[in-house]
Amino acid sequence: MSSTSLAQPLPTGLGNKKFIIGGVLILVAVVYLIISSTAAGAQFFFTIDELNERGSQAVGKPARVAGAVLGDTIEYDPETLTLTFTMVHMPADTRLINDDGGLAKALYEAVNDTTRARLQVQYIGVKPDLLAHEVEAIVAGKLGEDGVFYADENGLLLRCPTRYEAALPAQAGE
Amino acid sequence: MIADLGFFALLVAFLLALYACAAAAYGHWRKQARWVASARSAAVLGFPLLTVACASLVYSLVNLDFQLQYVTQVSSHSMPLYLRATALWGGQAGSLLFWSWLMAAFTFAVMLREWRRDRDLEPWVIIVTSATLAFFLALILFFENPFLRYWQGITGTVWTAMWQPAGAQPYIPMDGNGLNPLLRHPGMIIHPPMLYIGFVAFVVPFAFAIAALVTGRSDDRWIRVTRRWTLVAWLFLSLGLILGSRWAYDVLGWGGYWGWDPVEIAAFMPWLTGTAFLHSVMIQEKRGMFKHWNMLLIILTYCLVIFGTFLTRSGVLSSVHAFAQSAIGPMFFAFISLTFIVSLALLNKRWSTLRSEVEMTSLLSRESLFLINNLLFMGILLICFWGVVFPIVSEASGGIGRAIPALAHIFTGQRATVGPIFYESATGPLWAALLLLMGVAPLAAWRASTARTLGRTIWKPFIVSLVVLAGLLVGGMRNPLGLLSLWICAFVLLVTIYEFWRGAQARMQRGENPLQAFWRLIGRNRRRYGGYIIHLGVILIAVGIIGIEMFQQETQGRLAVGERMHLGSYSIEYESLAEFETPDGRLVDRAVVNVYKDGAFLTQLYPRRDFYYESQQAMTIPGLRSTLENDVYVLLVDWEAVSASSATFKLYVNPLVNWVWYGGFVFIFGTLVASWPEAELRPVRQRLRAANTERA
Numbered sequence: 001m002s003s004t005s006l007a008q009p010l011p012t013g014l015g016n017k018k019f020i021i022g023g024v025l026i027l028v029a030v031v032y033l034i035i036s037s038t039a040a041g042a043q044f045f046f047t048i049d050e051l052n053e054r055g056s057q058a059v060g061k062p063a064r065v066a067g068a069v070l071g072d073t074i075e076y077d078p079e080t081l082t083l084t085f086t087m088v089h090m091p092a093d094t095r096l097i098n099d100d101g102g103l104a105k106a107l108y109e110a111v112n113d114t115t116r117a118r119l120q121v122q123y124i125g126v127k128p129d130l131l132a133h134e135v136e137a138i139v140a141g142k143l144g145e146d147g148v149f150y151a152d153e154n155g156l157l158l159r160c161p162t163r164y165e166a167a168l169p170a171q172a173g174e
Numbered sequence: 175m176i177a178d179l180g181f182f183a184l185l186v187a188f189l190l191a192l193y194a195c196a197a198a199a200y201g202h203w204r205k206q207a208r209w210v211a212s213a214r215s216a217a218v219l220g221f222p223l224l225t226v227a228c229a230s231l232v233y234s235l236v237n238l239d240f241q242l243q244y245v246t247q248v249s250s251h252s253m254p255l256y257l258r259a260t261a262l263w264g265g266q267a268g269s270l271l272f273w274s275w276l277m278a279a280f281t282f283a284v285m286l287r288e289w290r291r292d293r294d295l296e297p298w299v300i301i302v303t304s305a306t307l308a309f310f311l312a313l314i315l316f317f318e319n320p321f322l323r324y325w326q327g328i329t330g331t332v333w334t335a336m337w338q339p340a341g342a343q344p345y346i347p348m349d350g351n352g353l354n355p356l357l358r359h360p361g362m363i364i365h366p367p368m369l370y371i372g373f374v375a376f377v378v379p380f381a382f383a384i385a386a387l388v389t390g391r392s393d394d395r396w397i398r399v400t401r402r403w404t405l406v407a408w409l410f411l412s413l414g415l416i417l418g419s420r421w422a423y424d425v426l427g428w429g430g431y432w433g434w435d436p437v438e439i440a441a442f443m444p445w446l447t448g449t450a451f452l453h454s455v456m457i458q459e460k461r462g463m464f465k466h467w468n469m470l471l472i473i474l475t476y477c478l479v480i481f482g483t484f485l486t487r488s489g490v491l492s493s494v495h496a497f498a499q500s501a502i503g504p505m506f507f508a509f510i511s512l513t514f515i516v517s518l519a520l521l522n523k524r525w526s527t528l529r530s531e532v533e534m535t536s537l538l539s540r541e542s543l544f545l546i547n548n549l550l551f552m553g554i555l556l557i558c559f560w561g562v563v564f565p566i567v568s569e570a571s572g573g574i575g576r577a578i579p580a581l582a583h584i585f586t587g588q589r590a591t592v593g594p595i596f597y598e599s600a601t602g603p604l605w606a607a608l609l610l611l612m613g614v615a616p617l618a619a620w621r622a623s624t625a626r627t628l629g630r631t632i633w634k635p636f637i638v639s640l641v642v643l644a645g646l647l648v649g650g651m652r653n654p655l656g657l658l659s660l661w662i663c664a665f666v667l668l669v670t671i672y673e674f675w676r677g678a679q680a681r682m683q684r685g686e687n688p689l690q691a692f693w694r695l696i697g698r699n700r701r702r703y704g705g706y707i708i709h710l711g712v713i714l715i716a717v718g719i720i721g722i723e724m725f726q727q728e729t730q731g732r733l734a735v736g737e738r739m740h741l742g743s744y745s746i747e748y749e750s751l752a753e754f755e756t757p758d759g760r761l762v763d764r765a766v767v768n769v770y771k772d773g774a775f776l777t778q779l780y781p782r783r784d785f786y787y788e789s790q791q792a793m794t795i796p797g798l799r800s801t802l803e804n805d806v807y808v809l810l811v812d813w814e815a816v817s818a819s820s821a822t823f824k825l826y827v828n829p830l831v832n833w834v835w836y837g838g839f840v841f842i843f844g845t846l847v848a849s850w851p852e853a854e855l856r857p858v859r860q861r862l863r864a865a866n867t868e869r870a
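Protein sequences appear in the order of chains A and B. Just so you know, we're using our numbering here: the first sequence kicks off at 1 and counts up by one. Just so you know, we're using our numbering here: the second sequence kicks off at 175 and counts up by one.
Careful, some of the hints might be misleading.
To be verified - Selected chain A positions facing chain B (Cβ under 10 angstroms, derived; list incomplete):
hint : residue
1    : K18
2    : F19
3    : G22
4    : I26
5    : A29
6    : V31
7    : T38
8    : N52
9    : R64
10   : L70
11   : T80
12   : L103
13   : A106
14   : I124
15   : G144
To be verified - With the C-beta cut set under 7 angstroms, the calculated list includes, among others, these residues of chain A facing chain B:
hint : residue
16   : A104
17   : L131
18   : V135
Because the hints were derived from the structure by calculation, they are not lab data. Ideal Cβ placement from N, Cα and C applies to all residues, glycine included.
Please work from the sequences and hints to get the whole structure.
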């Protein structure tokens, strides 16, 4: 976009090739920066099933995995700030989840289905208040060779099915 | 009813905006000045009408008229008066109304200017501003009406409607949900208005640009008319970004100030094109070049402004900024597409009349360096845009990855996102180049410069900057990127200061005393030296960013009472923790922490956690010791319930981060200097008289 619109106001004589070359060089540099940084900074979203399908290919690569938290598996050591828990596979498509009765139902089905794939997660940091049974956890990190998913620093996000905004406050005088 | 009044004012303002468009177009087509005059009156009226609408909503918010859905959503009994009033922009519907009100205010101000020399542009300026306003008012009226009321039917169901439905009774909730606690911060009260002013003010130069395109005026009149408007827009946009960063630093509790959140980027993108525009219009004014480019830049800036508003309002992206999901997304998309296509079509139609008046000859001339500056800004824009759309692109474009194996790791067909690492590593080199250019470009001559002439003006600061570099090395800094970037900052700072000194010295040789020389140097070339002052501010900001980005240290741990945690030469000691309730509905847990440097007591800090009962939401407020050298930033993240015998803290040492805020002040001052009306604009007679008295 920038190269075509700029080429126009520039003169086209032989001595002015240097401007076009200069502009192209900058454009090439920008494209190179975008490609190399995307490769370094991209995090791909996976469901637990998708992660398992990739097997050893997925080990050590930055990824973002969502799943339903199993409450009984949450363990926390406040001395070392080590948090571990297990997540159960759930579908990734939000639209599908919403059409099928919402996040609450999807989470309920996930934690009560023993046939689904599971993933153990380790996170070093403060245990979030929201971490509990039947909430959705989104962890960013890398799968280790031992099959445990190691979350990055600040790489743990939680989503609860209920949002207070939706609730209607009680009427005055009731 | 106050709310009815507000709604009617809104409705009338909408109809008048539509009328203004139609009347201006008709007046232009029929060449009838009275229709344009009538359109102008309609456009002027938008501001008082929307003032009534905003005032009535503020009145309802302050007086807690909970029958209004919007009031219930963002206001509550426990909120102090000033927060209830500023809740006007705390939610979706209200902030759209506020946006429109600012838009109307700018239209009002533009309409009151002296139009004698620009009669031909006037109808089109009215059309563009009124059409933008009408679009936003339509969104409010038909999709996000802040005046909707709750009603309850006989069966007990509650719904919202503007007017009382048959058989329904008013439903008045006891209390509201209250403003999101994250937004209850002084920075949050002024950050959105600043950003919005910056956004809407860019509509003015865009309107003039479109007017120039439609009427076929190829001169730079539209740029000269809107120069100050553009500077004001840019100033407020910059202020909004700086204040937003400060808010994030104080409130979000992650030790940072900028997270490359998609919505931050959405506000940043018009700033990038706007900054490029500010620079490249100078080339058009001085040399009659870059005419297409300037048109393209202002069109892009306007579209990005609307796009930014769209991203925050539509709920397509989830972030700290986004409001709830909404139906207005497709409307925004249609509006932006339409504006962009129509603008580009107009530009295409006038392409041949906008040819450059001269040709560029030297690669080191100032115009050429400005062009590089523009390309670098566009590069950063491209990176930001790519980052924002990447989640959509990567999922949809698996085919590219399969077709070109070299790119298979980018276009995987898998849903993905890019984080701060992407933006930092991609934009970093471009920022460094821009910074360097900022020092060198103002020294290059117009038309032609050679490396020799350029070298002659910069070799002295260059030598001194090497001394600074040596100082950093002796001081023990070994981070190569840190050294390189701080050296660039030092070099550019010295070059800029040297420029001031050279200018003042030339005046001193004519017999002025140093203070006088310095004052007049800036006073007589406000635009140029204001620009240099802005550059000085940018360098300070850059130093702060380099400090926190490259040298930030952090640690976390659980401390028993009396125990210490160390980080570099600092340590913190957990002394005690108290829990108490506040009248505005918070449960506060506040820790007392002693800070030591090299073992000597420094200060006491009070990091705390506020829990808001209403929203069931917690907020982590850091304890902060701020100096020019660094910030000691302590977060209370967890504690042993009841006994409080131990607590978990996160400790950051953020070097130089305060330079960002001080740099911000310098930056604002420079913009004010640059936009202050020039003395040369005074009538000739007055100037002669002044010269005579000076001589006497």
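Status of each hint after checking the structure:
no. : hint : verdict
1   : K18  : 6 angstroms, holds
2   : F19  : 6 angstroms, holds
3   : G22  : 7 angstroms, holds
4   : I26  : 5 angstroms, holds
5   : A29  : 7 angstroms, holds
6   : V31  : 8 angstroms, holds
7   : T38  : 5 angstroms, holds
8   : N52  : 15 angstroms, violated
9   : R64  : 7 angstroms, holds
10  : L70  : 22 angstroms, violated
11  : T80  : 9 angstroms, holds
12  : L103 : 13 angstroms, violated
13  : A106 : 17 angstroms, violated
14  : I124 : 9 angstroms, holds
15  : G144 : 20 angstroms, violated
16  : A104 : 17 angstroms, violated
17  : L131 : 12 angstroms, violated
18  : V135 : 14 angstroms, violated
Consistency note: the structure conflicts with the earlier hints numbered 8, 10, 12, 13, 15, 16, 17 and 18.
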